[in-house]
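Residue numbers (our numbering), protein chains in the order written: chain A, 1 to 308; chain B, 1001 to 1259; chain C, 2001 to 2315.
These are computed hints drawn from the structure, not numbers from a lab.
Between beta-carbon pairs, the in silico distance windows are: (1) Gly1223(B) / Gln79(A): 22 to 30 Å; (2) Ala1204(B) / Phe2017(C): 23 to 31 Å; (3) Gln186(A) / Leu1050(B): 51 to 59 Å.
Facing chain C, a subset of chain B residues (Cβ under 10 Å, in silico): (4) His1008; (5) Asn1012; (6) Arg1015; (7) Glu1016; (8) Asp1020; (9) Arg1083; (10) Leu1085; (11) Tyr1086; (12) Thr1087; (13) Val1088; (14) Ser1090; (15) Pro1092; (16) Lys1259.
Virtual Cβ for every residue (Gly too), placed ideally from N, Cα, C.
Below, each chain spelled out in residue letters.
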Amino acid sequence: MIRSRQVTAIASTILVCSMASAALLLHKVDQVPPAATLQQMLYISSPKLLKRLCLGYEGLLADIYWTRTVQYFGGKHSQGGGTYKLLWPLLNITTQLDPHLIPAYEFGGTFLTAKQPEGAGDPGKAIELVQYGTQNNPDNWRLYYDLAFIYYDQKDYRHAAEAFLRGSQLPNTHPFLKIMAAQMAQHGGDLETARMMWSATYRTTHDKMIQANATAHLRAIQVNEDVTALERLVQAWRDRTGHFPGTFTEMVSSGWMRGIPLDPLRHPYRLEYGGRVVVSNPDDLPFLDKGLPIGHIPSAVPKLSPAN
Amino acid sequence: MMNTRILHIATNTFREAVRDRVLYNLIAFALLMSAAAVLVGQISIQIERLVVINLGLTAVSLFGIVIAIFIGIGLVSKEIDKRTLYTVLSRPVRRWEFIAGKFFGLSGTLVVNTFFMAIGVFAALAYVSHHFERSDVGILVALYFIILQFVIITALALFFSSFSTPIFSAIFAFWLFVIGSFAQDLRNFAAMAHGTTGLLATGAAYLIPNFSALNVISQVAHGEPVPHRLILLNTAYVLVYSAAVLSGAVLIFERRNLK
Amino acid sequence: MPAIEIVDLEKIYAAGFWRKRSKRALQPLNLAIAEGEIFGFLGPNGAGKTTTLKILMGLVFPTAGTARILGMKLDDPRMKAQIGFLPEQPYFYDHLTARELLRYYGQLSGMDPKQLSRKVDTALEQVKLSGSANVQLRKFSKGMLQRAGIAQAILHDPKVVFLDEPMSGLDPMGRREVRTLIEELKGQGKTVFFSTHILSDAEALCDRVAIIHQGELRGIGAVAELTASVHGKVEIVWQGGAVPAGIRSMGAECHSAGDTMRVILPEENQDTALEALRREHLRLISVVPVRTSLEDYFVAQLGTSAKSEAVSPGT
Ligand SMILES: Nc1ncnc2c1ncn2[C@@H]1O[C@H](COP(=O)(O)OP(=O)(O)OP(=O)(O)O)[C@@H](O)[C@H]1O
Ligand SMILES: [Mg+2]
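Same shape as in the complex, but just chain A:
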């Protein structure tokens, strides 16, 4: 049966080669700019219609949309940010399909709120999303925490305190919420409050992106404190000597410091003209209020990455 062996050999070769090239082509198809598949990502953009069409398999579909949300956001984020204009519709569909998908609220609360390029910068939608979450999951303290956080981020300390209070009255609540309610009411704008908030977020989440976000905020708070303290010291030097120090080295050799001060990423702080203290590489430290060099233009590209 020589001939049949020939057919077998040819068919097997075609099978293997074709399957391999099919996989390669698929890889290429996946790389076609997402604009091409924008519409497709949503398929059907009305959650109500979708719910009716999926014949009771909402759970599975919600999971699919949730994966899409994460993929979409992660993909855009690593490609340099942008407007994230599908983030809200995707989260909306996901949570409408499965209102009990808690990670979606947590994720949405964080990244709808965060300013561009780190997030969509739409706190209004974030509040709408998380409030929908608390309506559907009234016993989940985590959602009140997320809600409070969004208000806090908007410097709306009264609403933040209120959300913490409501969360702290739930049966299985975290004791931390009660403390935060009080802290928020009295010292809303303090750095200490901010530090408490972000470390709590870091400790209570499982989401790598959210953790990275919290870490970056904690670093920014650290820089804020460092810069405040260092500038005070520099001012004291000037009061003593009548002029600003030229460099930190000068202060170290005079015994005012034990060494050149380092920022949370272990890069040295720099002393600029007029006693200003700045970080040496501002692009690696998002969310800074203080310590930015004069004339520094914030990067349009997001800096968060789960690896940091």
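Following the hints, position chains B and C with the ligands against chain A.
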């Protein structure tokens, strides 16, 4: 140089489909399109075009898929059951030629069927909006992608038909169509897994036919252009994927003892 | 070079869901059939005739052994263009008419398109289907399908024709026509290999026959050779219920139907039996020599155990 035996088998497959009144589905389709056109025309809420294109193309796709599966699954197994194959294979027809002929025959049937349906879609569109737009070229692209879907389904149905009973073949083919429509999501899922599981999942995800990139219906309905690159990639993908599936069918069928 | 050469051909079917049980359909089989020969392949139901033909047509694959047709391998398309095959209980694409079917098969056999129409008409004429040439095969009767099957087997002027039970499903007229057709094929110098369990057909047509039982070759040779050792028999029928003692003592088998009796006796006992009937004054109805010589051989070969499942005598 086209192998004439493949051509004759393909022609006979086409003739069989026509004589078995497969094209009657066009009547149902025509009725659906006319009803839709008339209804949408009366409601008139600025989305007539959108509705007609969405509905029309979705119907073209679903009608064709049902035909592809239900004829495809019988292409080989029915001929074995009825023993019509005996007198074919005792002639100078090689088994792979038979598979190829059947594949081209059914694909051709579906192309003809889709052609008539396309006329229906454009007629309904002309009826509701009285003019065509430049972006309507996208509809042709969507139709082309739909035909590419049929090609893959035909190959798959033929593959299952070469070793399984029609009912199982239908279940397998339909199942692959459904999960293939979520192929991209599955690749995303797989990409999230790590280690050996991740590797296996990724492998499996790449084996599944990718129908998700072949569906541009809603995009086209909104008048968004389809990138040329995607047209090219999809065409190449469908060609190699069907070749792989058909080779699988040939490998199995070459070894089969006809009962 | 023999037209058909079968060497140690063996087939074991795997059966059962897990393919664990197996069924031996063919013991190692050896046959050589010369060109121009009409060869009968005889055996009771389940003997392995169809299995052999399917292997030769490349429809199933042998477990062991090889075969060649016209000196070429079984999967050689050049060989397949020169053979014709009629399967048992043939069934065809029923959406086609008889003429379309033959055209299609002619195309698959690579026939010259210019001659195709003429050859199709000739083949239809040969099997007396010209009147139904444009009727879809789904409206054909069993015998008409058998005729269409024969037509497609001889359509492309093959050198070797394989027929699996060509007479089954045919009326007496049809059988005679097929006999004539096979004789014509022989006249044209073609080789015909046909299976049957109808002995009279084989006896009338075949140059040689092979007898197969339970997948095993039990005898092969010219019909005359095979039957030389077996003596002829007569059938005697008379009126009246009793069997004379003289006949009963011969140990012959007696059958009664209404008030007639029928016995089948070896030829040499004929005179004694008639004498006995005359003595009893019974009314003689007929004395007929029974031409079942091949059948006798058949029965002898298959042994007494196989007698019951054996063969139906031909008409
Ligand atoms: N597909 C199969 N699977 C398993 N066993 C089979 C198969 N086909 C045939 N057999 C067995 O092989 C043996 C020979 O069958 P075959 O059909 O060759 O007999 P045959 O001589 O043609 O009989 P008939 O006169 O009834 O047509 C039988 O015992 C049958 O049960
Ligand atoms: Mg048989």
